[in-house]
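*Asks:* Sequence:
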Amino acid sequence: MCFSPEADLVTGIVVSGVGIDALRRAPDRRYLPLAAIPLLLGFHQTIEAFAWWGMRGDLPRQVGETATWLYLAIALVVVPALVPVAFHSAEADRGRRARLVPFVVLGAAVAAALLPGLLNGGGGGEMACRYISYDAGVGYAGYVLPFYVAATCAPMLLSGSRRLVLFGTANLIVVGLLGWLLARGVISLWCVWAAVSSVVIDLEVRAASRVRAGERVMAPG
16 MCFSPEADLV TGIVVSGVGI DALRRAPDRR YLPLAAIPLL LGFHQTIEAF AWWGMRGDLP
76 RQVGETATWL YLAIALVVVP ALVPVAFHSA EADRGRRARL VPFVVLGAAV AAALLPGLLN
136 GGGGGEMACR YISYDAGVGY AGYVLPFYVA ATCAPMLLSG SRRLVLFGTA NLIVVGLLGW
196 LLARGVISLW CVWAAVSSVV IDLEVRAASR VRAGERVMAP G
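For the sequence shown, the working numbering puts the final residue at 236, and the numbers step up evenly by one.
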């Protein structure tokens with residue numbers, strides 16, 4: 016979510032490039048879900064640009080409505096389901112993996128709870144001043160929000176990577192600040208944070224790739 020279609024498009028292209036790099040550098044299959052997150056975020060931002068243009072009348076209304084539906088589908092269903100799975104898959108320590116399982120279940124439950132709003136046609140969006148105001152299409156969305164945040168933010172705090180733990184701590188603070196700005200109708204800067212998050216994930220995947228390369232060099236024979 017960003018403050019203009021142009022910002023969405025530029026951010027989407029840049030973040031997608033970061034995502035392609037992360038996927039290319041994934042050391043093995045365990046890291047693929049994590050490496051795919053930046054590419055998903057880049058696609059997500061690009062889709063919102065079309066939602067903006069449809070709402071402004073620059074594109075056919077149907078294009079904007081389809082883009083809005085896809086945007087909500089990723090935000091409400093794909094992201095809460097994928098993020099905890101990605102961190103669980105990339106975690107090497109068995110004990111930490113076990114502690115991440117409840118968040119995998121929670122993410123799937125959140126996605127299932129929000130899916131009806133997409134299926135019944137209740138979800139949608141409309142332009143505000145510097146953001147698009149989205150409606151999840153279910154009256155209980157506000158009650159699901161804390162579980163959404165827990166499913167998508169907490170896994171980083173349980174990671175064995177110091178970089179991810181530090182970023183996870185900063186993420187909680189920034190998510191609160193961006194939510195506060197959006198709730199007061201000031202501006203949406205989620206796209207900026209999506210770019211930062213993507214770079215951090217790319218750095219984590221690169222670090223894992225270097226470690227794996229070093230292990231291969233040191234392996235006997």
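Be aware that one or more of the hints could be misleading.
Claimed, not checked - Across the chosen pairs, the derived CB separations fall in these ranges:
#1 R225 to G136: 41 to 51 Å
#2 R39 to V93: 18 to 28 Å
#3 P161 to G136: 40 to 50 Å
Honestly, the hints are just simulated from the structure, not real lab data. Even for Gly, the Cβ is constructed at its ideal location relative to N, Cα and C.
*Asks:* Please go over all the hints and tell whether each is borne out by the structure.
*Replies:* The hints, checked one at a time:
{"no.": "1", "hint": "R225 to G136: 41 to 51 Å", "in the structure": "holds (48 Å)"}
{"no.": "2", "hint": "R39 to V93: 18 to 28 Å", "in the structure": "holds (22 Å)"}
{"no.": "3", "hint": "P161 to G136: 40 to 50 Å", "in the structure": "violated (26 Å)"}
The structure fails hint 3 only (numbered hints given earlier).
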